[in-house]
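S.K.: Chains as they are written, first to last, in the numbering used here: chain A, 52 to 461; chain B, 52 to 461.
Don't read these hints as lab results, they were simulated from the structure.
Some hints could be false.
All copies of an identical chain are treated as equivalent in the list; a pair is satisfied when it fits inside any one copy or across any two copies.
As the list claims (entries may be wrong) - No farther apart than 30 Å at their CA atoms in a straight line, the calculated lysine-lysine pairs in the DSSO-like style are these: (1) Lys386 with Lys213; (2) Lys66 with Lys131; (3) Lys339 with Lys186; (4) Lys386 with Lys66; (5) Lys237 with Lys339; (6) Lys285 with Lys98; (7) Lys186 with Lys342; (8) Lys66 with Lys339; (9) Lys133 with Lys285; (10) Lys213 with Lys237; (11) Lys386 with Lys98; (12) Lys98 with Lys299; (13) Lys380 with Lys213; (14) Lys186 with Lys56; (15) Lys213 with Lys66; (16) Lys386 with Lys351; (17) Lys299 with Lys186.
Protein chains: 2
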Amino acid sequence: MKLLKVDTVNEARSKLADCCAGTMLQTEMRGLLDAAGCILAEDIYSKENIPPYRRSIMDGYAVRSRDLGAAGDMIPTMLKVKGEVLLGSDSSDLNVEPGCCVYVPTGGYVPDGADSVVMIEYCEAFGAGMLAVSKSASPGENVVQVGEDISEGVMLLPKGRKLRPQDLGVLAACGVTEIPVFAPWKVTVISTGDELVSPDRTPGPGQIRDINTYTIASRSIAEGFDVVRTVYVKDERDAIVNALETAKADSDLVVMSGGSSQGKKDMTAELIEGAADHGVLTHGIAAKPGKPTITGFDRKSRTLFIGLPGHPAAALMVYEQILIELWRKMTCLEKERTVRAQINVNIPSAPGRMTSQLVRLRGEDSPVAEPVFARSGMISPVSEADGYFVMTENQEGIRPGDMVDVHLWK
Amino acid sequence: MKLLKVDTVNEARSKLADCCAGTMLQTEMRGLLDAAGCILAEDIYSKENIPPYRRSIMDGYAVRSRDLGAAGDMIPTMLKVKGEVLLGSDSSDLNVEPGCCVYVPTGGYVPDGADSVVMIEYCEAFGAGMLAVSKSASPGENVVQVGEDISEGVMLLPKGRKLRPQDLGVLAACGVTEIPVFAPWKVTVISTGDELVSPDRTPGPGQIRDINTYTIASRSIAEGFDVVRTVYVKDERDAIVNALETAKADSDLVVMSGGSSQGKKDMTAELIEGAADHGVLTHGIAAKPGKPTITGFDRKSRTLFIGLPGHPAAALMVYEQILIELWRKMTCLEKERTVRAQINVNIPSAPGRMTSQLVRLRGEDSPVAEPVFARSGMISPVSEADGYFVMTENQEGIRPGDMVDVHLWK
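I would like the entire structure built from these sequences, with the hints used as guidance.
M.R.: This is the structure in C-alpha cells:
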C-alpha cells in the first residue's frame with residue numbers, strides 16, 4: 052500500500068490559492084440585471100448626491116416655516132400660491148418668497164426659499180390663488196435634504212458583496228450601470244466509472260446511477276459558476292485524457308469524480324498529473340468525509356483540477372469546503388451567516404481529521420442541531436440534513452450542551 | 052380627499068389567494084438540472100431500494116464472518132480466493148462458500164454467502180489462490196444493506212421542497228428524472244413616471260433615475276420567477292393601457308410601480324380596474340411602509356396585477372410581503388429560517404398598521420438587531436440592512452431586550 056502525506060483542508064485550499072493568485076480571478080463589467088447575484092470586484096463609491104435636489108416626501112405645499120407661526124385649526128395662515136412643481140419638469144426657476152407657497156407632489160423638487168412641506172390635508176384653497184394652512188411647520192419637515200440618502204464620495208457597496216436586489220437599487224440610483232464583478236468560473240464536470248449509468252436507466256447488477264454529475268453541477272450553478280458541460284466517460288485512459296484536454300481549453304475548473312477504489316484513485320491522480328503542468332498539489336486530505344481528494348493546477352491554460360471522492364455526500368462536502376470556499380475567500384465574499392445551535396448528544400470526531408457532521412435543525416428560539424448519521428456512500432442523509440458543522444483536526448468531539456455553528460446547505 | 056377602506060397585508064394576500072385558487076399554479080415536468088431551485092409540486096416516493104444490492108464501503112474481501120473466528124495479527128485465518136467482483140459487471144453468479152472469499156472494490160456487489168467485508172489492509176495474498184486474513188469480522192461490517200440508504204416506498208422529498216443539489220442527488224439515485232415542479236410565474240415589470248430616467252442617464256432638474264425596474268425584476272429572478280420583460284412607459288394613459296394588454300397576453304403577474312402622488316395612485320387604480328375583469332381587490336394596505344398598494348385580477352387571462360408604492364424600499368417590501376409570500380404559501384414552500392435577534396432600543400410601531408423595520412445584524416452567538424432607519428423614498432438603508440422584522444397591526448412597538456425574528460434579504 053502506497054503511503055501518502057495527506058493535507059488538511061486548509062493546506063489543500065492554500066496550495067490551490069497560491070496557484071490561483073493573480074491568474075484565476077478576472078473582472079468583467081456587467082449591466083444592472085446581469086450583475087444580480089454576482090460578486091463585486093471593487094468597492095463602489097458614489098459620484099453624486101442622492102437626492103440631487105431637495106425632495107418632498109408628501110403631496111403638499113412648500114412653505115417657509117417661519118411664515119406659519121402658530122397656524123392651527125382655529126387660526127389658519129393665508130399664503131399666496133405661486134405655482135406648482137410638476138414631476139419630471141424643470142422647476143428650478145420657482146422660488147418661494149415670504150408669504151407664498153408652491154404645490155409639490157410626493158417626490159417633487161422643493162423650490163428655493165421654502166424649508167418645509169405642509170401635507171395637502173392641512174391646506175384649503177381659497178379664491179384668488181390663496182391657500183389657508185391650518186398647521187404650523189418645523190424647518191425640514193417632509194423634506195429630504197440633498198445627499199441625505201447617499202452623499203457624494205461615500206462607499207456604496209464593498210468589494211465582495213454578492214449583489215442583492217436592493218444593492219442593484221442603490222447602484223441604479225447613483226447611475227452605476229457598468230458594474231465590475233468577478234467573472235464566474237467556467238466549470239466542466241466529468242464523471243467516470245464503468246459502473247455508472249444515467250439516472251434515467253435502471254441499473255443492472257453491479258451498476259449504479261450517476262449522482263455526482265447532478266449534485267456537483269447544480270451546486271456550481273447555485274454558487275454562480277457557469278457550467279460549460281457535464282461529461283460522462285468510461286474508465287478508459289484515452290477517453291478521460293481527451294475529456295480533460297477538451298475541458299482545459301475552455302474551463303477554469305475541472306471537477307472529476309470517479310470511483311473510490313484504490314485503483315481508480317491512483318488513475319485519477321495519474322491523469323491529473325498528466326493534464327496539469329504544475330502537477331498534483333494534494334493527494335488525500337485529512338477530512339471525514341473526503342479523504343480521497345486530489346487537486347492539481349495547469350499553469351499554461353490556467354485550469355484548476357479537483358478529483359473528488361466517489362461517494363456523493365463526500366464529493367459534495369469536499370467540493371463545498373475546498374473549491375467553493377476557495378472561490379469565496381478569493382472573491383472576498385462577505386461571510387455567510389451560520390446558525391448557532393446546541394447539540395444534545397455525544398458526537399465523536401475522527402482523530403487527526405477534520406470532521407463534517409450533517410445535522411437537522413429543530414426549534415426557532417434556541418435551535419437544536421440533531422446529528423444525521425450517514426454511512427459511507429449514502430445520499431439520502433445529505434438531503435435530510437439542513438446543513439453541517441465542522442470539528443477541526445484537533446477537536447475531540449462534541450458533548451451534550453456544546454454549541455456549534457451550522458452552515459446551511461445552499 | 053377620497054377615503055378608502057384599506058386592507059391588512061394578510062387580507063390583501065388572502066383576496067389574491069382566493070382568485071388564484073385552482074388557476075394560477077401550474078405543474079410542469081423538468082429534467083434534473085433544469086429543476087434545480089424549483090419547487091416540488093408533489094411528494095415524491097421511491098420506487099426502488101437503494102442500494103438495490105448489498106454494497107461494500109471498502110476495498111477488501113467479502114467473507115463469512117463465522118469463518119474468521121478469532122483471526123488476528125498473530126494467528127491469521129487462511130481463506131480460498133474464489134474470484135473478484137468488477138465494478139459495472141454482473142457478479143451475481145459469485146457465491147462465497149465456507150472457507151472462501153471474493154475480492155470486492157469500494158462500492159462493489161457483495162456476493163451471496165458473504166456477510167461482511169474485511170479491509171484489504173488486513174489481507175495478504177499467498178500462493179495457490181490463498182489469502183491470509185489477520186482480523187476477525189462482525190456480521191454486516193463494511194456492508195451497506197439493500198435499501199439501507201433509501202427503502203422502496205418511502206417519501207424521498209415533500210411537496211414544497213425547493214430543490215437543492217443534494218435533493219437532485221436523491222432523485223438521480225432513485226431514477227426520478229422527470230420532476231413535477233411548479234411552473235415559475237411569468238412576470239412583466241412596468242415602471243411609469245414622466246420624472247423617471249434610465250439609470251445610465253444623468254437626471255435633469257426634477258428627474259430621478261428608475262430604480263424599481265431593477266429591484267423588482269432581480270427580486271423576481273431570485274425567487275425563481277421568469278421575468279418576461281421590463282417596460283418603462285410615460286404617464287400617458289394609452290401607453291400604459293397598451294403595456295398592460297401586452298403583459299396580460301403572456302404574463303401571470305404584472306407588477307406596476309408608478310409615483311406616490313395621489314393623482315398617480317388614482318390613475319394606477321383606474322388602469323388596473325380597466326385591465327382586470329375581476330376588478331381591483333385591494334386599494335391601500337395597512338402597512339408601513341407600503342400604504343399605496345393596489346391589487347387586481349383578470350380572470351380571463353389569469354393575470355395578477357399589483358401596483359406598488361413608488362418609493363423603492365416600500366415597493367420592494369410590499370412585493371416581498373404580498374406577492375412573494377403569496378407564491379410561497381401557494382406552493383407550500385418550506386418555511387424559510389429566520390434569525391432570532393435581540394433589540395436594544397425602543398422602536399415605535401405605526402398604530403393600526405403592520406410595520407416592517409429594517410435591521411442590521413451584529414454578533415454571532417446572541418445576535419443583536421440594530422434598526423436601520425429610512426426616511427420615505429430613501430434606497431441606501433435597504434442595502435445597508437441585512438433584513439427586517441415585522442410588528443403586527445396591534446403591536447405597540449419594541450422595548451429594549453425584546454427578541455424579534457429577522458427575515459434575511461434574498
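S.K.: Honestly, which of those hints from before does the structure not fit?
M.R.: The structure breaks hints 2, 12, 16 and 17; every other hint is satisfied.
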